[in-house]
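Number of protein chains: 2
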Amino acid sequence: MSALSQTTAWKSFSHAVSASPTKPATLRILRAAELEVDLSTQRHSPALVIAARALLNQQGFEQARADLFEGAPINWTENRAAWHTALRAPTPPSRVAHAVQAEQAKLAGFVERVNAQNLYRNVVHLGIGGSDWGPRLAVESLAGHAGRRTIRFASNVDAHAITAALEGLDPSDTLIIISSKSFTTIESLANAACAIDWLRAGGVKQPLDHFVAVTANAQAAREFGIREEHIFEFWDWVGGRYSIWSSIGLPIALGLGMDTLNDLRAGAAQMDEHFLNATLEENAPVQMALSAVANCSVLGYASFALCPYDARLRHLVPWLQQLEMESLGKSTQRDGTTLDVASSPAVWGMPGTDSQHTFFQWLHQDGKGAPVDFILCAKPDHRHTRHHRLLIANCLAQRAALLEGKSFEQALAEVSLKEKNPQAAAALAKHRVHPGGRPSTLIVMPQLDPKQLGALLALYEHKVFTEGVLWGINPFDQWGVEFGKRLAGDIERRLDALGSDPAVSPYDPSTAHWVRKLASG
Amino acid sequence: MSALSQTTAWKSFSHAVSASPTKPATLRILRAAELEVDLSTQRHSPALVIAARALLNQQGFEQARADLFEGAPINWTENRAAWHTALRAPTPPSRVAHAVQAEQAKLAGFVERVNAQNLYRNVVHLGIGGSDWGPRLAVESLAGHAGRRTIRFASNVDAHAITAALEGLDPSDTLIIISSKSFTTIESLANAACAIDWLRAGGVKQPLDHFVAVTANAQAAREFGIREEHIFEFWDWVGGRYSIWSSIGLPIALGLGMDTLNDLRAGAAQMDEHFLNATLEENAPVQMALSAVANCSVLGYASFALCPYDARLRHLVPWLQQLEMESLGKSTQRDGTTLDVASSPAVWGMPGTDSQHTFFQWLHQDGKGAPVDFILCAKPDHRHTRHHRLLIANCLAQRAALLEGKSFEQALAEVSLKEKNPQAAAALAKHRVHPGGRPSTLIVMPQLDPKQLGALLALYEHKVFTEGVLWGINPFDQWGVEFGKRLAGDIERRLDALGSDPAVSPYDPSTAHWVRKLASG
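First to last, the sequence lines map onto chains X and Z.
Quick note on numbering: our numbering labels position 289 of the first sequence as 545, and the sequence is numbered without any gaps.
Quick note on numbering: our numbering labels position 256 of the second sequence as 512, and the sequence is numbered without any gaps.
Next up, chain X with everything else stripped away, as it sits in the complex (with noise of 0.2 Å):
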């Protein structure tokens, strides 16, 4: 491996991204599962084709696809799979079918079961982060499907989130789940222990009889209180970031049915059969991630813009933060040595339009600025027929204009018309030119259903995968996360033990202030 920089695949890709034309004249749309992906304005030549395709081979890309799917140790660091496709193959593999079907019907029993009682009109989801984006974005984007249950989501540590999420129910009628992987996070034990008190102040006699564990440490889950039978598991082989399609979419099941989880994870088993059959060229996962790495590590693009003109798709932002950033934030490659190309583009993004009422000024003029993600449904699902029309008429005239950009000379046509001194609209003109030649990936929905929906995020789950592979990283592992949460108890210690001495502080000076200004007491 050593610099990737150096090696004949990476030259010829960065010398074919470079010579690549700004404004491709071509359609270049990919069909995966029922998603169109258009990628007619990235990056696009056939010499590009050739390059993408030996730097795919160099990395290895056909091996750890295949690795992937068979459960392998890809996850090197920590030594494990990362075999989320398990989960949502319509038979698992052999390996884990045992252990998989049973934790699925043991799930669909429970669901039945309160649900043919009339149990629990109410559910509060406690967990952070993995455990929580991608309940949270299915339950909101999909609220149209069905609704069965009141379905509250707290995970922050700050108060005011739990708080929020009990108000106005009746604890009687409210199940409490607790989602964490390991069982020991501390924002969501905190708030645990907030809705036992909340509980009991209730009126219910036996609060641990109310909560629901989901996690890959049943151990831990015994022990604060929780009954066998509300222990759902699932194991190390499945990243936080990947577990939605683990027991933890249990919050999904009873807000929007069995069903609704059921065809989340087929309409993602479509897009595993897409990401392991389309040919290189065909592969949407493979070509957008082709593009994310020519932007970042080519073109030069830090970060990248994600808006799906739709609002119910408004937590899809954080959900990919979490899932590119935390993947993706690293560097170091296999080998040891330090990845020497940029990788890993910062990730932000608002449903549109209100991201063009935010941000798209700075999309448009800014020096830089960064390729977007456009996320568009054909069919709408209300009757408000314009509205829709402004939508979609929105969507595509902000990727046209990224694409085209606005010329000086057609600047200075525009402030004639009004500005009649030549000197004046010249010096105005200047400042409407738009550079243009911005580069924007198109996803076409035909409709938000959960299986579109399961189709999307399994269609962003292997763009990462193939980054990782490209940059030659471990997408599985988060480092950093463990290395905060360490310092985060041990200064916590150091706040409420009062007269504790400052002057003995680890810390540097300003951390060593606040801990003593800020410590309770």
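Be a bit skeptical, because a hint or two may be false.
Quick list of in silico lysine-lysine cross-link-like pairs, PhoX-like style, CA-CA up to 20 Å [to be verified]: (1) Lys674/X x Lys635/Z; (2) Lys279/Z x Lys635/Z; (3) Lys686/Z x Lys624/Z; (4) Lys676/Z x Lys686/Z; (5) Lys461/Z x Lys624/X; (6) Lys773/Z x Lys635/X; (7) Lys624/X x Lys635/X; (8) Lys674/Z x Lys741/X; (9) Lys773/X x Lys635/Z; (10) Lys686/X x Lys676/X.
Keep in mind the hints are simulated off the structure, nothing from the lab.
Put chain Z on the given structure of chain X with help from the hints.
Here is chain Z on its own, set in the frame of chain X:
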């Protein structure tokens, strides 16, 4: 002006930034109004203090600041003032005092009247971008302060937004506010049309009597059919992204009381005083701007993250995205030359601790990372002491970790506790190295109340203004927003026109394809 990078002051500034230590050893905490702004972990040195002052002088900072407060036409591409400070001054400047006081009295009178008559239990606010984020942020984050009415916001033209906002409300008891500076904003007008239908379907005979307009185009509001006493005006010298200080604050007054709106303004006015009077070295907005320019233009950070450790400040992120990216996302200097240093970082973020489980991995271990603005409230508004202690501990820990990092030696010692094979331990340790030396700012508010929130917003406003001065660009126009709007109108007509000939489309092949495919009918 011309090439900024070639000026003496820029060269000295740039050199001083690069030469300053990455881990400063001294405290640098500025007090601004009642906020404390800790810049201890930003680049700093005696040479940088001198160079920064020279750069401010070269770029005409003091004159620009005076122009801002005096209402000079500093929005030079539109030849008008940007006089939002006049709206919150204890005594408005004489040139506009009459108009400002009359509007403020009209608004206060309206609020008093509807309160006295107990009118409108529900308020639905239709506005987008600058007409939306400010009131939405204030109403959401200060909800604990009053709550006389249900206030909902609909901004997006996606019909799910207005549908959700109206759902479950009693039309006879609902007031609709259209907030639009131009009164031509397509999102707000389309949503207003839905609201009229909804009121009528709900038995309201004169739907327009339930409407209020806040606009700089009163004539259009009159033509729309809104009663004269329900039209509140502001002026072309109030930019959309500063309009919370105008009558756009109406939903705040209706939802949280007139006192809340007044306190917000008072807090901002306190920050105005600080910005006007503090020395440059003790001036928080000025020093934050200098750090931002150092980070972006010299140290190469293309974005920064905003992490308020308070779940209630969730909407501060999009509010700041708009303020920063719409104000600074441009690169033409006053004299028409193109700015030749990197400018205007992308802004993104999320409240802590959610953010720790979403993108802090990237902040710690990505090859580059990004600076972070942390915000803490010293005193919580709840009784969950341990939760608040955990929140503070996590905020301080992340900041300390970003600064300190973890060396290979430290990582190796850690790994070797479990992995006894030295070669394997060394290989794993490489993946746990954290570079450290990553800058951040910590803003500590005594607690979250209207005055502190007002001061916080004004702090960022003046920071962004100062960045505009340092980069020599006009932060008060937004030509990139206008451009997209025009294209959207054209594409909407094409989507609507059955049988329009796609062969004559003036757009790129991809846009033409989707217009054809997604056209209605």
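Are Lys686/X and Lys676/X close enough, with their CA atoms no more than 20 Å apart? Holds, because 16 Å separates the two Cα atoms, which is no more than 20 Å.
Assess, step by step, whether the Cα of Lys674/X is no farther than 20 Å from the Cα of Lys635/Z, and give holds or violated. Violated. Lys674/X to Lys635/Z sits at ~55 Å, over the 20 Å cutoff.
Proposed proximity, Lys635/Z with Lys773/X (alpha carbon, max 20 Å): holds (12 Å)
When you check the alpha-carbon spacing of Lys676/Z and Lys686/Z, does it fall within 20 Å? holds (16 Å)
Given the proposed pairing of Lys674/Z with Lys741/X, does the C-alpha separation stay at or below 20 Å? holds (19 Å)
Check the hint pairing Lys624/X with Lys635/X against an upper bound of 20 Å on the C-alpha distance. violated (34 Å)
Holds or violated: Lys279/Z and Lys635/Z, Cα atoms, limit 20 Å. With a Cα-Cα distance of about 29 Å, the restraint between Lys279/Z and Lys635/Z is violated, given a limit of 20 Å.
Tell me if the straight-line CA distance from Lys461/Z to Lys624/X falls inside 20 Å. violated (53 Å)
Hinted pair, alpha-carbon criterion (20 Å max): Lys686/Z, Lys624/Z. Please report holds or violated. holds (17 Å)
So if I understand the rule, the pair passes when the alpha-carbon distance is 20 Å or less; does Lys773/Z with Lys635/X pass? Holds, at about 12 Å.
The structure fails hints 1, 2, 5 and 7 (numbered hints given earlier, in ascending order).
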